[in-house]
Amino acid sequence: MRRLWIAVLVLSLFGCSDGGGQANNYQRGVYLLLDTSGTYTEELVKAKQIINYLLAYLEPGDTFVVARIDSGSFSEKDIVAKVTLDARPSAANRQKREFASTIADFVTNVKSSAYTDISGGLLQAIEYLNEARVGKKHIYIFSDLKEDLPANFKRDFDFTLDGFVVKALNVTKLRSDNVNPVEYLERVADWQARVVQGGGTWGIINDLDRADALAL
Amino acid sequence: MSAIYSAFPTPPWLTTLILFAIAVLLLYMARTSAHGAINSIFRMLHNGLRIGARSVALAEKRLSVRNRDVLLALGRDHAERELNREFFRINRFVERDLGGYPQVQRAIQAQVAQISEDYKASAEVPPPSPDWVQAVESVAKLQVKEKSNSNLTSRILEDIYNAAEDQHRETLKEYREAMTERNNRLRQMAPFWRKLSNTVDQVGKHLQELVTRSNNIDRQMEHFEEINRGTDKAARRLKASNSIQFCVALLFVLFAAGGAFFNFHLIALPMSEMVGAASRVGGVKVADVAALVIIFLEITMGMFLLECLGWTRLFPIIGAMDDKSRVRIAIACGTFLLVLAGVEAGLAFMRDQIAADYSALRASLAGAGSAPEEEAVNAWIPRVTGMFLGFTVPLALTLVAIPLEYLINTGRNIFGMLLEYLLRLLAILLRLAGNVSRHLGHLTLYLYDMLIVLPLWLEGLWLASRRASSGAGGAEFGGPDGNADGGSSFYRGNEVSKNA
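Quick mapping for you: the protein sequence lines, in order, are chains F and B.
So the first sequence is numbered by my numbering: it starts at 1 and just counts up by one.
So the second sequence is numbered by my numbering: it starts at 1001 and just counts up by one.
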C-alpha cells in the first residue's frame, strides 16, 4: 500500500512537470538569419548589437541560433553559433559570453556571398526549431529580403510556420527601391504573404532602437 | 408578414384591422382561460419566491444563532484565557511578594522590639534628690551667739557650700551624660523608624496591587459570566471586538505576506542555481516552487515553535502534550528554523554573486567592458544587508502565527456575519421579487382586458340593460374586470368570466 502511494505521488509529480519528450511550452527558441550577401555585410555590426541584446534577455533553457544566409543556406554548415542555455544561471552566463565572442569573431571575419538564399535559410530555421522542441519559436531575418538564387536552385515551396513568429529586421532599401519604392513594398508583401500563408505571424522591425519591438 | 397580407384581397390597413378584430374577439372568448393561466403563472411565481424568501430567512436565522454561539464560544475561550493569565500573574505576585511576608513580619517585629528597647533606654532619669539641702537648712537655723561660734558656723557653711557646689556639679555632669546617652539612643532609633515605615509602605503597596488585580479579576469574571449567560450586551461587545481583531490581524497578515514576498524574491534566483531555472511544475519554475517551499517550511516551523511555547493554540494536539515533549519539539523547531535562516543568508549571498555576474554580462554585451571598479568598493553593503535580511526575515515571519490564529478564529465569525447579511439581503430581494410578480400578474390582467375593452364594454352595457329590465338593479361597470373593485385579486378574472 505504501509503495502504491509513493508510485502515485511520483507519477503525479512527473505528470505535472514539464519536460520529457514533449515540447516545453515555456522555453523559447530564437533563430537569427544573417544576410551576408553583397554590401549587406556592412550592416552586420547592427546585427551583433541585436544578438547581444537577445543574449542578455534569454533565460536558462532557451535556445539561440545564429546562421548566415549565403548562396545555399539550407544547410547546418551555415550555422554560425548555437546554444541551449544551461538550467543554472551561472553556466548560462558563461555560455552567453562564449556565444557573444563567437559572433564577434564572425562579424569581424565574414566574407560576402555571391547569392542570397533566404528561403533555404528559413527552411533550415524551421527544421531546427521544430527539432529543438521549444515552446515559442522566433525566426529573425536580418536581411534586405532580396532573394538572389543561384541557377537551378528551386525554392518555390510553401513553408509550414504554425506557431512561428517571423520578423524581418533592418530591411534596408536598395538603390532600385529608391527608384521604384513599389519594388520594396512588393518584396516585403511577398514575404509577408508566404509567412502568413504558412500559418506564421509576420512582423517587420526597421527601427532597431525600439527595444520593445525585439521582445520575445 | 407580407405573405399574410398578400393572402388577403383587401388593402393592408383593412387586413390589419380585420386581423386585430379577430384577435380581440379570440382574446375575449379565451378570457377566462387566459386569466386563469396568467393567474396560475404569477401565483406560482409569487408563491415560489415567497417560500424561497421564507426559507432563506429561516436559514439566516439559523446562521445567526450559530454565529452567536460561535462568537460566544470564542469570547468564552478568550475570557478563560485572560482569566488564566490574570490568575497566573496574581499567583506569581503572591509567590514573589507576599510569599516573603513572614520574613517581613519578623523584620517588623524585630524593628519594633529594637525601637521599644531604645525607647525604654531613652526614658528620662530624674536627678538625685539634693540630700544636703536639709543639712543646709539645719545649719542655717543655728543661732550664732558668740564670735568664735560665728567663725565656726561660717566655716561650716562655707564647707557645706563647697560640698554642695561639688555635688551639684557632679549631679549636673551625670545628668548631662544621661541626656547625651538618651539623645544618642533616640538618634539610633531614627533609621529603624524609617526602615519600619518603608517596610509598612511596601506591604501597603503590595496589598494595593493585590486589590487592583482582584478588581481586575472581578471585572473579567463579570464579563465571563455575562458571556456564559449569553446576554445581548456580551454578544454586541464581542462582535465589535471581533471585527476590530479581524481587521488588525488581517493587516498584520498582509504585512507578513509582504515580508514573505520580499523573502521569496531574495531566494528565488539563487535557488535556480541549485535546482535549475529551466524546468517547471504546472507552469511555475521549480526554483520558485523550491523557494516557496523553504518559506512555507520556515513559517510552519515558526508556527510549531510558538505553539509549543504556548503563544498560540492552533493545534490542540500540541497543547495537550506534556511539557517535556513540547520543549523537545520547540528546541527541534527552533534549531531547524535557525538552520533555514542560515541557509537563506547563504542564498542571499549567492544572489548577490549572481546579480553581479548578470550585471557584468550585460555590461560586456552592451560593449561597456567590465563594471567600474569604484562600484565594487561599496558592493559589501548590499551583500551584507541581503545576508542580514536573509537571516532575520524568516525569524520575523515566524511571528505571523499569532495574527494568523486571530485571523482564523475571528474570520469564521466575520464570514458567518457576512453570509448572514447576504442571506438577509437575498430574503428581502426574494420577498420583493414575489411582490413584484404578484403586481405584474395584476398588471398583465389589466393589460389583457385593455386589449378587449370594446367587447367588455358591450358586455357591460348588455348586462346593465338586462339587470335594468329584470329590475334587480344594475351593477356598475367599474374596472376592466367588470367589477367595481376589479383586479385586486388573482381570481377576480375568473369571477368576471363567470359573469361574462
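None of these hints come from the bench; they were simulated from the model.
Ideal placement from N, C-alpha and C gives every residue a C-beta, glycine not left out.
There's no promise every hint is true.
As the list claims (entries may be wrong) - Under the rule of at most 25 Å between Cα atoms (straight-line distance), these lysine to any residue pairs were calculated in the SDA-like manner:
| # | chain 1 | residue 1 | chain 2 | residue 2 |
| --- | --- | --- | --- | --- |
| 1 | F | Lys48 | B | Ser1359 |
| 2 | B | Lys1141 | B | Ala1164 |
| 3 | F | Lys136 | B | Val1289 |
Claimed, not checked - Covered stretches of chain B (in silico footprint by chain F; criterion: 3 or more residues with CB under 8 Å from a CB of chain F, positions within the stretch not fixed):
| # | stretch |
| --- | --- |
| 4 | 1046-1055 |
| 5 | 1251-1264 |
Legend entry - Three-residue Cβ test at 8 Å for the coverage of the stretch 1046-1055 of chain B by chain F: violated (count 0)
Legend entry - Given hint Ser1359(B) paired with Lys48(F) - CA-CA distance at most 25 Å: holds (19 Å)
Legend entry - Verdict on chain F covering the stretch 1251-1264 of chain B, criterion of 3 CB contacts below 8 Å: Violated - the stretch 1251-1264 of chain B has 0 residues with a Cβ nearer than 8 Å to chain F, which falls short of three.
Inset, instruction - Compare the distance between the alpha carbons of Lys1141(B) and Ala1164(B) with 25 Å, and conclude whether the hinted pair is satisfied. - result: The given pair, whose Cα atoms are some 18 Å apart, holds under the 25 Å limit.
Legend entry - Distance restraint between Lys136(F) and Val1289(B), which requires alpha-carbon spacing of 25 Å or less: Measuring from Cα to Cα gives roughly 23 Å; hence the hint holds.
The earlier numbered hints that this structure contradicts are 4 and 5.
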